[in-house]
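With chain A fixed as given, assemble chain B onto it according to the hints.
Okay, here's what each chain looks like letter by letter:
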Amino acid sequence: KNQVEQSPQSLIILEGKNCTLQCNYTVSPFSNLRWYKQDTGRGPVSLTIMTFSENTKSNGRYTATLDADTKQSSLHITASQLSDSASYICVVIPANQAGTALIFGKGTTLSVSS
Amino acid sequence: GAVVSQHPSRVICKSGTSVKIECRSLDFQATTMFWYRQFPKQSLMLMATSNEGSKATYEQGVEKDKFLINHASLTLSTLTVTSAHPEDSSFYICSARSNNEAFFGQGTRLTVV
Numbered sequence: 001k002n003q004v005e006q007s008p009q010s011l012i013i014l015e016g017k018n019c020t021l022q023c024n025y026t027v028s029p030f031s032n033l034r035w036y037k038q039d040t041g042r043g044p045v046s047l048t049i050m051t052f053s054e055n056t057k058s059n060g061r062y063t064a065t066l067d068a069d070t071k072q073s074s075l076h077i078t079a080s081q082l083s084d085s086a087s088y089i090c091v092v093i094p095a096n097q098a099g100t101a102l103i104f105g106k107g108t109t110l111s112v113s114s
Numbered sequence: 001g002a003v004v005s006q007h008p009s010r011v012i013c014k015s016g017t018s019v020k021i022e023c024r025s026l027d028f029q030a031t032t033m034f035w036y037r038q039f040p041k042q043s044l045m046l047m048a049t050s051n052e053g054s055k056a057t058y059e060q061g062v063e064k065d066k067f068l069i070n071h072a073s074l075t076l077s078t079l080t081v082t083s084a085h086p087e088d089s090s091f092y093i094c095s096a097r098s099n100n101e102a103f104f105g106q107g108t109r110l111t112v113v
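Quick note, the sequences are listed as chains A and B, same order.
So for the first sequence, the working numbering puts the first residue at 1; every next one is plus one.
So for the second sequence, the working numbering puts the first residue at 1; every next one is plus one.
Just chain A, same shape as in the assembly (with noise of 0.2 Å):
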């Protein structure tokens, strides 16, 4: 069963502070994994996409890592700020499957207090 599973399930961290989020997943064939922000009340937003052959990605403050043998990959966020509260969620695409849904984590909230 394609599964996606995220830890932790929460985090809070003081600003200036790093963090690294889990993401575990079985999805196979696997196309691209993708890291989304949510800020409440708003839909996702793209942070990182990761393809079967990166191992590393960054955007910014926010460093992806990807192993696809064992299927893990993390988001890196560096000297954190209040604005980097939200929710963030890794998300799997199944490859050559254009009719078929994303699979979700259920996100890990994080919370930057000054």
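Be a bit skeptical, because a hint or two may be false.
[Unchecked claim] Computed cross-link-like contacts, DSSO-like style, restricted to lysine-lysine with a CA-CA straight-line distance of at most 30 Å:
id	chain 1	residue 1	chain 2	residue 2
1	A	37	A	57
2	A	71	A	106
3	A	1	A	37
4	B	20	B	66
5	A	71	A	17
6	A	1	B	55
7	B	66	A	106
8	A	106	A	1
9	B	41	B	20
10	B	41	A	1
11	A	17	B	20
12	B	55	B	20
13	A	71	A	37
14	A	37	A	106
15	B	14	B	55
16	A	106	A	17
17	A	17	B	66
18	B	14	A	1
19	B	41	B	66
20	A	57	A	17
21	B	41	A	106
22	B	64	A	106
23	B	14	B	66
24	B	55	B	66
25	A	57	A	1
26	B	64	B	41
27	A	17	B	41
28	A	37	A	17
29	B	41	A	57
30	A	71	B	41
31	A	1	B	64
32	B	20	B	64
33	A	1	A	71
34	A	37	B	20
35	A	71	B	66
Since the hints were derived computationally from the structure, they do not count as laboratory data.
For chain B alone, kept in the frame of chain A given last:
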């Protein structure tokens, strides 16, 4: 990049009335769109898959007669919540795939009073 536009962003309706939510792909054609519902502090849950020119596929537990989906063109899918009740109050989001990437609408906050 590709854009998915969802309208309205917020709607308040009375119990028993129907509400239509539109999802448009602005610069690409989407033969398939997906509708999700999200309750407070919970993850997105897939309600149905909308297929252009054919019937939608509903997830288990989602009433197809209550949540009517129409995908009449390659750029527009609509979700109509019929005979809305307060328990239908939620955040509804649509998404579409383009070249193996996923794009989301801005979401619609539905409040049924």
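Here is how each hint holds up against the structure:
About 16 Å separates the Cα atoms of residue 37 of chain A and residue 57 of chain A, which keeps this hinted pair within 30 Å; it holds. Between the alpha carbons of residue 71 of chain A and residue 106 of chain A the distance comes to roughly 17 Å, so the proposed pair stays at or under 30 Å and holds. A distance of roughly 25 Å separates the Cα atoms of residue 1 of chain A and residue 37 of chain A; the hinted pair therefore holds under the 30 Å criterion. Annotation: proposed proximity of residue 20 of chain B to residue 66 of chain B holds, straight-line Cα distance about 12 Å (limit 30 Å).
Our distance criterion of 30 Å between C-alpha atoms is met by residue 71 of chain A and residue 17 of chain A, whose separation comes to about 27 Å. At most 30 Å may separate the alpha-carbon atoms for a hinted pair to count; residue 1 of chain A and residue 55 of chain B meet this at roughly 25 Å. A distance of roughly 26 Å separates the Cα atoms of residue 66 of chain B and residue 106 of chain A; the hinted pair therefore holds under the 30 Å criterion. Taken as a hint, the residue 106 of chain A and residue 1 of chain A pair is honoured in the structure, with Cα atoms around 16 Å apart against an allowance of 30 Å.
Between residue 41 of chain B and residue 20 of chain B the alpha-carbon distance is near 24 Å, which keeps this suggested pair within the 30 Å criterion. The suggested pairing of residue 41 of chain B with residue 1 of chain A holds, with an alpha-carbon distance near 25 Å, which does not exceed 30 Å. Only pairs whose Cα atoms come within 30 Å are accepted, and residue 17 of chain A paired with residue 20 of chain B is rejected, the gap being roughly 43 Å. Distance hint between residue 55 of chain B and residue 20 of chain B is fulfilled; the C-alpha atoms sit about 17 Å from each other, no more than 30 Å.
Distance restraint check for residue 71 of chain A and residue 37 of chain A: the Cα-Cα separation of roughly 21 Å lies within the 30 Å cut-off, and the hinted pair is therefore satisfied. Under the criterion of a C-alpha separation no larger than 30 Å, the hint pairing residue 37 of chain A with residue 106 of chain A is consistent with the structure, at around 12 Å. The hinted pair formed by residue 14 of chain B and residue 55 of chain B meets the criterion: a straight-line CA distance of about 28 Å does not exceed 30 Å. A C-alpha spacing of about 24 Å is found between residue 106 of chain A and residue 17 of chain A, which places the hinted pair at or below 30 Å, so the restraint holds.
Proposed proximity of residue 17 of chain A and residue 66 of chain B is contradicted: the alpha carbons are some 46 Å apart, above 30 Å. Using a Cα cut-off of 30 Å, the hinted pair residue 14 of chain B and residue 1 of chain A is violated, with the two alpha carbons roughly 40 Å apart. A C-alpha spacing of about 24 Å is found between residue 41 of chain B and residue 66 of chain B, which places the hinted pair at or below 30 Å, so the restraint holds. Under the criterion of a C-alpha separation no larger than 30 Å, the hint pairing residue 57 of chain A with residue 17 of chain A is consistent with the structure, at around 20 Å.
Proximity of residue 41 of chain B to residue 106 of chain A is assessed by CA-CA distance (about 10 Å); at most 30 Å being required, the pair is judged to hold. Distance check on the hinted pair: residue 64 of chain B and residue 106 of chain A sit about 25 Å apart at the alpha-carbon level, within 30 Å; holds. Under the criterion of a C-alpha separation no larger than 30 Å, the hint pairing residue 14 of chain B with residue 66 of chain B is consistent with the structure, at around 15 Å. Among the hinted pairs, residue 55 of chain B with residue 66 of chain B is consistent with the structure: their alpha-carbon atoms are about 14 Å apart, no more than 30 Å.
A distance of roughly 27 Å separates the Cα atoms of residue 57 of chain A and residue 1 of chain A; the hinted pair therefore holds under the 30 Å criterion. Among the hinted pairs, residue 64 of chain B with residue 41 of chain B is consistent with the structure: their alpha-carbon atoms are about 25 Å apart, no more than 30 Å. Proposed proximity of residue 17 of chain A and residue 41 of chain B is supported: the alpha carbons are some 24 Å apart, at most 30 Å. Our distance criterion of 30 Å between C-alpha atoms is met by residue 37 of chain A and residue 17 of chain A, whose separation comes to about 18 Å.
Our distance criterion of 30 Å between C-alpha atoms is met by residue 41 of chain B and residue 57 of chain A, whose separation comes to about 28 Å. Between residue 71 of chain A and residue 41 of chain B, the direct Cα distance comes to roughly 26 Å. Compliance with the 30 Å bound is thereby established for this hinted pair. Taken as a hint, the residue 1 of chain A and residue 64 of chain B pair is honoured in the structure, with Cα atoms around 25 Å apart against an allowance of 30 Å. Under the criterion of a C-alpha separation no larger than 30 Å, the hint pairing residue 20 of chain B with residue 64 of chain B is consistent with the structure, at around 14 Å.
For the given pair, residue 1 of chain A sits about 14 Å from residue 71 of chain A by alpha-carbon distance, which is consistent with the 30 Å threshold. With a C-alpha separation of about 26 Å, the suggested pairing of residue 37 of chain A with residue 20 of chain B holds against the 30 Å cut-off. Restraint check: the Cα-Cα separation between residue 71 of chain A and residue 66 of chain B comes to about 38 Å, which exceeds 30 Å; the hinted pair is violated.
Hint compliance for this structure: hints 11, 17, 18, 35 are not met, and every other hint is.
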